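Construct all of the structure, not just a fragment, from the sequences and the given hints.
2 protein chains.
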Amino acid sequence: MADTVSPFNPPQRTLMGPGPSDVSPRVLEALGRPTIGHLDPRFVEMMEEVKGLLQYAFMTENALTMPVSAPGSAGMETCFANLVEPGDKVIVCQNGVFGGRMRENVVRCGGEVVMVEDEWGTVVNPHKVEEALEANPDAKLLAFVHAETSTGAQSDAATLCRLAREHQCLTIVDTVTSLGGTPVKVDEWGADAVYSGTQKCLSCVPGLSPVTFSDRALEVVKNRKTPVQSWFLDLNLVLGYWGSGAQRTYHHTAPVNSLYALHEALRILQEEGLEASWARHELNHQALKAGLEAMGIGFVVKEGDRLPQLNAVTVPEGVDEAAVRKALLEGFNLEIGAGLGALAGRVWRIGLMGHASNRRNVLFCLAALETVLTGMKAPIRKGVAVDAAMAVYS
Amino acid sequence: MADTVSPFNPPQRTLMGPGPSDVSPRVLEALGRPTIGHLDPRFVEMMEEVKGLLQYAFMTENALTMPVSAPGSAGMETCFANLVEPGDKVIVCQNGVFGGRMRENVVRCGGEVVMVEDEWGTVVNPHKVEEALEANPDAKLLAFVHAETSTGAQSDAATLCRLAREHQCLTIVDTVTSLGGTPVKVDEWGADAVYSGTQKCLSCVPGLSPVTFSDRALEVVKNRKTPVQSWFLDLNLVLGYWGSGAQRTYHHTAPVNSLYALHEALRILQEEGLEASWARHELNHQALKAGLEAMGIGFVVKEGDRLPQLNAVTVPEGVDEAAVRKALLEGFNLEIGAGLGALAGRVWRIGLMGHASNRRNVLFCLAALETVLTGMKAPIRKGVAVDAAMAVYS
Numbered sequence: 001m002a003d004t005v006s007p008f009n010p011p012q013r014t015l016m017g018p019g020p021s022d023v024s025p026r027v028l029e030a031l032g033r034p035t036i037g038h039l040d041p042r043f044v045e046m047m048e049e050v051k052g053l054l055q056y057a058f059m060t061e062n063a064l065t066m067p068v069s070a071p072g073s074a075g076m077e078t079c080f081a082n083l084v085e086p087g088d089k090v091i092v093c094q095n096g097v098f099g100g101r102m103r104e105n106v107v108r109c110g111g112e113v114v115m116v117e118d119e120w121g122t123v124v125n126p127h128k129v130e131e132a133l134e135a136n137p138d139a140k141l142l143a144f145v146h147a148e149t150s151t152g153a154q155s156d157a158a159t160l161c162r163l164a165r166e167h168q169c170l171t172i173v174d175t176v177t178s179l180g181g182t183p184v185k186v187d188e189w190g191a192d193a194v195y196s197g198t199q200k201c202l203s204c205v206p207g208l209s210p211v212t213f214s215d216r217a218l219e220v221v222k223n224r225k226t227p228v229q230s231w232f233l234d235l236n237l238v239l240g241y242w243g244s245g246a247q248r249t250y251h252h253t254a255p256v257n258s259l260y261a262l263h264e265a266l267r268i269l270q271e272e273g274l275e276a277s278w279a280r281h282e283l284n285h286q287a288l289k290a291g292l293e294a295m296g297i298g299f300v301v302k303e304g305d306r307l308p309q310l311n312a313v314t315v316p317e318g319v320d321e322a323a324v325r326k327a328l329l330e331g332f333n334l335e336i337g338a339g340l341g342a343l344a345g346r347v348w349r350i351g352l353m354g355h356a357s358n359r360r361n362v363l364f365c366l367a368a369l370e371t372v373l374t375g376m377k378a379p380i381r382k383g384v385a386v387d388a389a390m391a392v393y394s
Numbered sequence: 001m002a003d004t005v006s007p008f009n010p011p012q013r014t015l016m017g018p019g020p021s022d023v024s025p026r027v028l029e030a031l032g033r034p035t036i037g038h039l040d041p042r043f044v045e046m047m048e049e050v051k052g053l054l055q056y057a058f059m060t061e062n063a064l065t066m067p068v069s070a071p072g073s074a075g076m077e078t079c080f081a082n083l084v085e086p087g088d089k090v091i092v093c094q095n096g097v098f099g100g101r102m103r104e105n106v107v108r109c110g111g112e113v114v115m116v117e118d119e120w121g122t123v124v125n126p127h128k129v130e131e132a133l134e135a136n137p138d139a140k141l142l143a144f145v146h147a148e149t150s151t152g153a154q155s156d157a158a159t160l161c162r163l164a165r166e167h168q169c170l171t172i173v174d175t176v177t178s179l180g181g182t183p184v185k186v187d188e189w190g191a192d193a194v195y196s197g198t199q200k201c202l203s204c205v206p207g208l209s210p211v212t213f214s215d216r217a218l219e220v221v222k223n224r225k226t227p228v229q230s231w232f233l234d235l236n237l238v239l240g241y242w243g244s245g246a247q248r249t250y251h252h253t254a255p256v257n258s259l260y261a262l263h264e265a266l267r268i269l270q271e272e273g274l275e276a277s278w279a280r281h282e283l284n285h286q287a288l289k290a291g292l293e294a295m296g297i298g299f300v301v302k303e304g305d306r307l308p309q310l311n312a313v314t315v316p317e318g319v320d321e322a323a324v325r326k327a328l329l330e331g332f333n334l335e336i337g338a339g340l341g342a343l344a345g346r347v348w349r350i351g352l353m354g355h356a357s358n359r360r361n362v363l364f365c366l367a368a369l370e371t372v373l374t375g376m377k378a379p380i381r382k383g384v385a386v387d388a389a390m391a392v393y394s
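Residue numbers (our numbering), protein chains in the order written: chain H, 1 to 394; chain R, 1 to 394.
Be a bit skeptical, because a hint or two may be false.
Unchecked claim - Straight-line Cα separation of at most 25 Å, SDA-like style, residue types lysine to any residue; simulated pairs:
# : chain 1 : residue 1 : chain 2 : residue 2
1 : H       : K225      : R       : K185
2 : R       : K326      : H       : R33
3 : H       : K89       : R       : T226
4 : R       : K326      : H       : E49
5 : R       : K185      : H       : V5
6 : H       : K326      : R       : E45
By construction, these hints were calculated from the structure, which means they are not laboratory data. Computed from a prediction, not measured in an experiment: that's the story for all the values here.
Have a look at this one:
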């Protein structure tokens, strides 16, 4: 390659898609601090703090609480690859894209899948889950998505985990989009293997996947009959590095700087407090919702089942959804998300996650969206969205 | 967790272990630039540049040349999980830690392993490899480590790849420690699947693993009889995002900021030029070697087989190697590496990788090591190391 490549200077976007979300300047600054060794005693001290801060975020005392050194999909795979052995029966709930990905994970681990399917945009139906648990007394695991990023639906994790426990089933729970934005109460739920991502309501850079395993789940991992099929994600090995022993054993080279960033992002969450963060996400959601509904734009998910941090809304009749997103990005440096899978082309996904969940973003998004839709002669009500949103704040 | 956690301010170390190596301030600055979306058109443009720059670094025109979104171990697993199907026979060369890890990968993919073992600290013996290829005409793959990070030995990749081709075998080559520091000529070698890391001679932050696959290897991946056991690392899916189509399909959320850093690190390599970088690594190695040998410290690997960027040297008689590393870290903020596996306790591994391969580091390391060893009354010659090193530079 002979051509000289210029420096990459990214534009300053406002990130209101399904993630990554806006990253705090404090987190970006921490990210760029000098790299030190992954076995440096000072780094090991920081790792311990990250574990403690993640326990706070997950509301758990699980000793195995740590970030996997790769994005959320790898956190998902960590849970399945460590807990599923060939022939194991797993009940997988699907009400959006990520339940389908869970199914893929089970199949690739050699497990047998029992699907519990619900309409995209609805929550996981606990009655169907109970029926599946009763019909499959040999099931080892129940897997479901708490916060379905593809639709914005929030399922009742407490009930689903209770049902699983009553049927001697372990649970795998996807909290990629919920952690930090809505209650994720791992110990209160009695969840067994829970994974998340850093680029949603934690407002950290993408690339890490926090996970937490109950002692019960860890025992299952330790007593497997077959080796975990992934060397990189095998918790029996990873724990030699992330475990609590004084001696850290080299497994892989940790993404040192990304962990600086996660440390700072979790410090910000701790400063604000979980309850305050949940309340902030709810308030900004209510304001955005009031503005969108005033314009005449409706939600995919019914009231009460919605995630405040991920608003899947219906594209107005006759509007080219991709053209709107392009106009927002190019004209306003504003990113909102497209629909995924069954909802592609029909919805937008507007994120209000972590650092991005604030009044400025709500008002800016409503104003920009109204401007773009008006320019396209879309059938919306004009001049009412901002007032409606402001009424929520006052 | 009630305790408030303080900001983490890492010490400013000099990183002369087996990686991570010193990261250029330019790379750290790029790392902290504003996060944008992983499907943002501007980001996609940057991804294309990263692919081109990696082709330059790997000296290849392979279309499938990209960074895996996780550390080097995941790059290794990407190669094995995509190319090995259950029952496939794989010849694995082991002359240090990482050959053993390759073996583990094959076993976990359900493959059958034929080991070719050489003493730690020696190179892979091509005669033994040829014998193994002849004895196993049904072998599908030959896997070896070009630059053994645990011992500092550099094997003859050109010859090993040629032998494999002559026997209709694909090759998997570990270039984690060589890429950017010594010649890695993927197309000239005719190597098929090659992986590396960002935190060695590329002097980028840890967390990404560049890989390149020949068209021949990619065909094998596309024509598998069984699905790749890892969803996260399945190239059939990853290529929907990293491939060359205009439309990028969401697979996982890319580690956006780490990719900014890799882009900048590869720009630095391009500016210097590969040949100049190799020459710099060789010069600083010769200077360090002259200084160490003047002190009376010898190398593990015989002359001619050594990696200039990873100097495995013998701990002087009666010296507590861990105490020396601790004194260097605490007294001089200087990190050097311990021995791994069979060499633990007996050697140090002194890295001169990427940005860290410079005269200042060579002289600083020699001076600090001499000071610490003298304080411990180690049997070394004093007052000669710096002069010997400077003679190489003059």
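In rising order, the numbers of the hints this structure does not comply with: Checked against the structure, the only hint that fails is number 1, while the rest are satisfied.
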